[in-house]
Amino acid sequence: MARSGVGSTVDVLALFASYSTETSYTVWESLAGNLATISRLLSHTDYYPSFKAYAQKIFEKAVARLGWDSKDSDTPLDSMLRSLVIGAHGKYGNQATIEEAKARFQKHVEGTTVLPSDLKSAVFSMAMANGDETTFDQLVKLHADTDSNEEQSGYTGLWELARLRPSPRNASSLLSLTRFDPMTCGVCCSLPDRPVLGPETWSGSLCRRNGHG
Numbered sequence: 002m003a004r005s006g007v008g009s010t011v012d013v014l015a016l017f018a019s020y021s022t023e024t025s026y027t028v029w030e031s032l033a034g035n036l037a038t039i040s041r042l043l044s045h046t047d048y049y050p051s052f053k054a055y056a057q058k059i060f061e062k063a064v065a066r067l068g069w070d071s072k073d074s075d076t077p078l079d080s081m082l083r084s085l086v087i088g089a090h091g092k093y094g095n096q097a098t099i100e101e102a103k104a105r106f107q108k109h110v111e112g113t114t115v116l117p118s119d120l121k122s123a124v125f126s127m128a129m130a131n132g133d134e135t136t137f138d139q140l141v142k143l144h145a146d147t148d149s150n151e152e153q154s155g156y157t158g159l160w161e162l163a164r165l166r167p168s169p170r171n172a173s174s175l176l177s178l179t180r181f182d183p184m185t186c187g188v189c190c191s192l193p194d195r196p197v198l199g200p201e202t203w204s205g206s207l208c209r210r211n212g213h214g
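Taking the working numbering, the leading residue of the sequence shown gets 2, the next gets one more, and so forth.
Derived by calculation from the structure, the hints in this document are not laboratory data.
Please read these numbers as outputs of a predicted model, since none were measured by experiment.
It cannot be assumed that every hint is accurate.
Here are the simulated DSBU-like cross-link-like pairs (lysine-lysine), alpha carbons at most 30 Å apart as the crow flies [stated by the list, open to error]:
1) K72 <-> K62
2) K108 <-> K62
3) K72 <-> K103
4) K58 <-> K103
5) K58 <-> K108
6) K53 <-> K108
Label-pair restraints from in silico Cβ distances [as the list claims (entries may be wrong)]:
7) M81 <-> K108: 15 to 25 Å
8) A37 <-> Q96: 17 to 27 Å
9) T76 <-> G112: 22 to 32 Å
10) L43 <-> Q107: 25 to 35 Å
Just so it is clear, CB atoms sit at the ideal spot from N, CA and C, and this is done for glycine as well.
With the hints as constraints, model all of the structure from the sequences given.
Okay, here's the thing in structure tokens:
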């Protein structure tokens with residue numbers, strides 16, 4: 002109703018807050034998706050900081066209940082929900098969650114503590130959204146070193162960071178990852194600095210093969 006203009010977005014947000022103690026993954030998935038839609042609409046307005054603070058509170062209890070580490074009593078849906086709420090909590094700017102994600106990312110890079118597969122996407126995305134060129138390089142290396150197609154989804158943030166920090170250097174790094182060249186080339190071709198890489202790059206076999214030349 003809010004999307005059609007019949008209802009109030011304020012009322013919808015108040016309704017969302019009432020679900021903060023919900024335990025169903027399906028409910029949280031729907032809630033997170035609707036919050037993401039509102040986030041996109043408000044992202045370039047003066048209301049956005051207040052919206053992000055409000056969204057953090059919605060996810061706060063679920064993050065505290067589930068924690069960062071798996072439990073023996075967890076179901077597969079609990080693992081999925083943990084990733085969803087932690088990722089959203091960080092996406093909306095909760096500093097404690099972001100710092101924890103960055104710390105766990107660094108331990109994963111150093112090899113002292115391996116991230117569980119269900120947390121990789123959330124942690125990598127937060128690390129990159131709040132990282133720098135070193136973070137980008139670390140993720141490029143992790144991406145290049147993995148042989149698991151299943152883990153590919155955990156590196157979604159790599160493409161996001163390339164969009165956030167477009168540069169010939171980052172685009173060239175992505176182009177070197179030929180194992181996933183359809184995705185890589187598609188992202189590189191969308192970068193604002195595409196012309197700086199030179200026509201020899203964009204006319205090469207990598208881009209021609211994937212229809213981006």
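inquiry  = If you test the structure against every hint from before, which numbers come out violated?
reply    = none
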